Amino acid sequence: LGLHDEKDVTVRGLELIKSSSKVFLEAYTSILSIGKERLEAFYGRDDIVVADRDFVECHAEEIYLPAKESDVAFLVVGDPVCATTHSDIIIRAREAGAVVEVVHNASAMGAVGCCGLQLYNFGQ
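Just so you know, we're using our numbering here: the sequence shown kicks off at 1 and counts up by one.
Hints are computed from structural coordinates only; laboratory data are not their basis. One or more of the hints may lead you astray.
Claimed, not checked - Listed below are the simulated BS3-like cross-link pairs for lysine-lysine, each with C-alpha atoms no more than 25 Å apart in a straight line:
1) Lys18 with Lys7
2) Lys36 with Lys7
3) Lys7 with Lys22
4) Lys18 with Lys36
5) Lys18 with Lys68
6) Lys68 with Lys22
7) Lys22 with Lys36
To be verified - Label pairs and their computed distance ranges (CB to CB):
8) Gly97 with Ser33: 31 to 41 Å
9) Lys7 with Gly97: 31 to 41 Å
10) Lys18 with Val99: 14 to 24 Å
These numbers were taken from a predicted model, which means no experiment stands behind them. In this text, a Cβ means the ideal position worked out from N, Cα and C, and glycines have one as well.
Produce the complete structure using the sequences and hints provided.
Written as structure tokens, this is what we have:
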């Protein structure tokens with residue numbers, strides 16, 4: 001997902017959301033400014049599962065194991081590989097035999113440039 005609302009999704013992301021048999025909305029590492037009901041209305045679904053901290057950390061297999069048999073979308077606000085939680089799920093899913101496709105989007109790391117901070121200056 002993008003950083004603001006239901007319309008910030010990429011075209012590729014939208015295609016995958018619409019074609020997936022299950023859709024999870026990660027609601028742990030970042031906050032989306034709208035509720036899942038608006039996402040469901042825009043994406044033409046009524047079955048998005050909100051994955052809170054407990055679900056993501058203790059029940060992640062409920063996200064990636066079904067992906068061995070059918071397409072599953074795991075919606076993340078911003079870029080999906082900026083949090084170690086998401087990288088861990090990707091690694092565990094691949095180890096379990098699921099095919100993983102990452103669809104990148106805007107993130108806070110890129111948006112910070114609006115404040116005048118430049119990423120290439122960090123770490124100097």
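For this structure, which hints from the list above don't hold up? No hint contradicted; all consistent.
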